[in-house]
Amino acid sequence: MEHDPALLASLRRAVEAVPDDVGLRLHLATLLIEAGQRDAAIREAGAILQLDPANAGALALITGSEPARQEFDWRAAESELADVLPPRFVSSDGAASSGAEGAGEASEAADKSEALPFDVEHTTLRLADVAGMKDVKQRLEAAFLAPMRNPELRRLYGKSLRGGLLMYGPPGCGKTFIARAVAGELGARFLAVSFADVVDSMLGQSERNIHALFGLARRSAPCVVFLDEVDAIGQKRTQLRHTPMRAVVNQLLLELDDATSSNEGVFLLAATNHPWDLDSALRRPGRFDRTLLVLPPDQPARAAIFRFHLRDRPIERVDPDRLAKLTDGYSGADIAHICESAAELALLDSVRRGEARMIGQADLEAAVREVRPSLGPWFDAARNVALFANEGGAYDELAAYLKKKRLL
Amino acid sequence: MNDVATQLSRADAILAAGRFAEAITLVAAVVGAEPDNGRAWSLLAQAQIGAGQPAEGLAAAQRAIQLDPASAWAYRLRSIAQRRTGQAREALDAAAEACRLDPHHWMNHLNLAQAALAEAGGQAGHSSGLQLAQQASSTARRLAPNEPSVHYVSGQVSRALGEPATARAHFEQTLALDPEHSSAVNELGRLTLEFGKPGDAARHFVQAARIAPGQSVYGHNVEVAVARAERSVRSLIRWVIYGSWLVVIAALVVAQRGLAYRIVMLAVLGVAAAGVAVCWQIQLRRMPKEARPLFQGRSMLLALGVSLSSLLAGVAVEEFVPGQLGNYLLPVVVFMLAARFAAFKILRDGARKRYDQISRRSEAVKA
Chain A
1 MEHDPALLAS LRRAVEAVPD DVGLRLHLAT LLIEAGQRDA AIREAGAILQ LDPANAGALA
61 LITGSEPARQ EFDWRAAESE LADVLPPRFV SSDGAASSGA EGAGEASEAA DKSEALPFDV
121 EHTTLRLADV AGMKDVKQRL EAAFLAPMRN PELRRLYGKS LRGGLLMYGP PGCGKTFIAR
181 AVAGELGARF LAVSFADVVD SMLGQSERNI HALFGLARRS APCVVFLDEV DAIGQKRTQL
241 RHTPMRAVVN QLLLELDDAT SSNEGVFLLA ATNHPWDLDS ALRRPGRFDR TLLVLPPDQP
301 ARAAIFRFHL RDRPIERVDP DRLAKLTDGY SGADIAHICE SAAELALLDS VRRGEARMIG
361 QADLEAAVRE VRPSLGPWFD AARNVALFAN EGGAYDELAA YLKKKRLL
Chain B
409 MNDVATQLSR ADAILAAGRF AEAITLVAAV VGAEPDNGRA WSLLAQAQIG AGQPAEGLAA
469 AQRAIQLDPA SAWAYRLRSI AQRRTGQARE ALDAAAEACR LDPHHWMNHL NLAQAALAEA
529 GGQAGHSSGL QLAQQASSTA RRLAPNEPSV HYVSGQVSRA LGEPATARAH FEQTLALDPE
589 HSSAVNELGR LTLEFGKPGD AARHFVQAAR IAPGQSVYGH NVEVAVARAE RSVRSLIRWV
649 IYGSWLVVIA ALVVAQRGLA YRIVMLAVLG VAAAGVAVCW QIQLRRMPKE ARPLFQGRSM
709 LLALGVSLSS LLAGVAVEEF VPGQLGNYLL PVVVFMLAAR FAAFKILRDG ARKRYDQISR
769 RSEAVKA
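Here the protein sequences line up with chains A and B, keeping their order. Residue 161 in my numbering is what sits at position 161 of the first sequence, and the numbering runs on without skipping anything. Convert by adding 408 to the 1-based position in the second sequence; the result is the number in my numbering.
Read the hints as simulated data drawn from the structure, not as lab findings.
These stretches of chain A come out as covered by chain B in the derived footprint (C-beta under 8 Å, 3 or more residues): (1) 33–45; (2) 191–199.
Non-contacting residues of chain B with respect to chain A, defined by C-beta distances greater than 12 Å in every case (computed): (3) Leu-569; (4) Pro-572; (5) Arg-646; (6) Tyr-650; (7) Ile-671; (8) Leu-674; (9) Val-676; (10) Ala-682; (11) Val-686; (12) Cys-687; (13) Ser-717; (14) Val-742.
As the structure is a prediction and not an experimental result, all values here were calculated from the model. Yeah, the Cβ is synthetic: ideal placement off N, Cα and C, and Gly gets one too.
Using the sequences and the accompanying hints, generate a full structural model.
This is the structure we're talking about:
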C-alpha cells in the first residue's frame, strides 16, 4: 500500500493529463519521497515551482527540510468556524475600530501592487490609517509631504526638496507599512525599489538598474524614491571587498550626489533594521542626512493592531486595551503572532470538546504568555550602538529610548 | 540552460550581499528545474550554511559531491557544514580531500587549518592536529599573503599553540590589510585581557563593537573587561572589611580608650575610604570613556558604606557610652557580622550580573 508502484504510475498519468494541477503534483512528489525516489520527487517539485514559485511544500521538498505536515489545516478550519459563528467584536470603545479596519483593506490593496518592480505604488492607505506613531508622522509631514503639497510655501521658505530620510528601528514595527501609507498620500509620485529589483547577475547591470531608477525619478520629479531594506543595497563597502555589490554601492552614492544631473525634487525615503551596516558615506548631508527612529508600537497603536488582526475572527468579550497593556515591548509582527496563537488555542479546545466556541480574552492572554517578544536580539545590537558607536550623536534618539526603557 | 546560469549568477550576487534566505529561495527553484546541477547544489549548501542551517547545508553539499566528485568547493562546503554540526573529525577529512583536489587554492588550506583547529579544540596536548593547522595556515599565507582572513586564522592557530606574541603579530597583520576586521580586533582584546590589562582590552572590544555593532558578543566582552577591572576594587573592599574588624577587635583587646583610640579609628576609616577611592579612580581612568558607564560604582559604594558602618558603630559606642564598649560587645559584633554579610552579598550579586566567561565571535571567514 505504502509504495504502490501502480498508484504512482496512475498518479503520474493523472499529472500528465492535468500538468497545471499543483496540488496533485505535490502529492505525487510527496509519495515519491516516501518511496525513496528523491530525484524524481525533486523534478516534480521543480515543475511545481515553475508554476507557483512561492509554493512552500515544493520548497520544503527541495531544501530538505521537513515537508509541511498536513495534520490540521488551521486556516480552513478557522474559516469554517467563522461561518458557523459570525464575527462579533466586543470592545471597550467601538469608535477606534473603524480606522483599523480601513487600514486592513488598504494594506490588502498595497499587497497587490507589491509585485511590480520599479513602479508606482497603488494603494488607498493613508498616514491617518497608521495608528499611533505621532512623532513619525509629524517628521514625515515636515520632511517632504507638506513641501510637496505646497510648492509656493516651499519656494518662500527656500526649502529644497532633496536629500533623504532614513527610517530605522526593530523589525516588524511598521517601517514598510508607513512607507506604503506615504505612497498612498503621494500616488504616482512614489517609486518603491527593493534589493531584488536592483540586483542582477550581469556584470554592471545592477549599476545600470540603479541609474535607470534615478533617471525615472528625476523625470517624474517631484517624487519620493523608497528604498526598502536599504542595508542590502548600501552595505558598508568594507564588508564587500571582493563582491560586485561594491560597485552597486558606489553607483548609489554617485546617483545621490550626481554632478551632471540635479536631484532637485527627488526625495529619498529608506528603511532598514540595521542602519549601522550602512556605508557611512550614505549618511552624509544631501544623502540620507536625517534619521527617524520607528519604535515598537505604543499602547494605542498596539490596541489598534489587536483590533485589526482580530477583525475577521470569532471573538467575544475581548478587551484590546488590556491586551495592549500586557504587550509592552512587543512588535506589530509579534502581536499578529499572538492573535494567530490565540485562534489556535480556541480551535484546539473546540475540537477537543466537540463544540465550537469563540476566541476569548483568556485565549489571548494565554497566547501573550506563550509568545515572547522577538525584539531582544535587535535591542542587544542597539545597545551596542548606543554605547559604543554613537559618534556625532547619530543615535541619540535611540540612546534616549533605551535609557527610558532601562536597557542602557 | 542559459536561464539557469543567469539565475545562479544572480544567486551568487545575492549571496555576496549576505541575503541568505532570498538566495535559498532562488537556488531551490533552480535545483528543482535541474536536479543534476552540481553548482546549484553547492550554492544551495553555501546559502543554507550562511543562513544558519548547517544540517540542511550538509545534505546539499553531499548531493553536490555525488554529482561532481571532483569539486573541491563542494568538499569545502561539506567540511564547513560538518564543523558547524559538531562532526569535527569528518570535517577534517572533507577539508583534506578539498586540498587534495585543488592544492593551489588558498581557501582550501585555510579551511583545512580551521578544521584541524576545530578538531584539536578542547583537547589539551593535541599537538599533531595543531601542527597540521599550522602547516595549512602557513601554506594559505604563502598562497594568499594579502588576504586578511588567512592571517586571522594563523593568529588563532598560534594562540592555540600557546604563542601569544606570534598570534598578536598575525592579528595586527590582519588589521593592516583590513582595518575593519572586527574579529581580529576582538582577538587582540582577548590577548590583552589575558595579559591582565582590562583597560586596554576594553579599548579593543569597544573598537570591535563600533565596527560591527550587530555582533552583541563584542559588547558582552566590554562588560567582561569592565568586570575584571572592578575585581581589584571589589577585593580591596573585602580587605577593608577584614581590616576594620581587626582594628575594632584590637582596640577591645588592648582596651585602649580615649582620644588616641578615636584618632586611630577615624584614621583607619579615612585611609580605607581613600584607598578604595584611589583604586576606583585608577581603574576607571584606564577604561575607555565609552565603557565607564558600565562600571558598577553604585553597588561597590553601597558595600563600602555598609562595611565602614561597622567601624563607625565601634567609634559611636565609645563616643556616646564611654568606657563601656565591653558591655555593648555583643550588639557591636552582631552588627559587624551582619554588615559583613550584607556587604559581601552586594559585591557578589554585582559580580554575578557580569558574565565571567569571555566569549568570542565564531568564525568570521566566508565559506
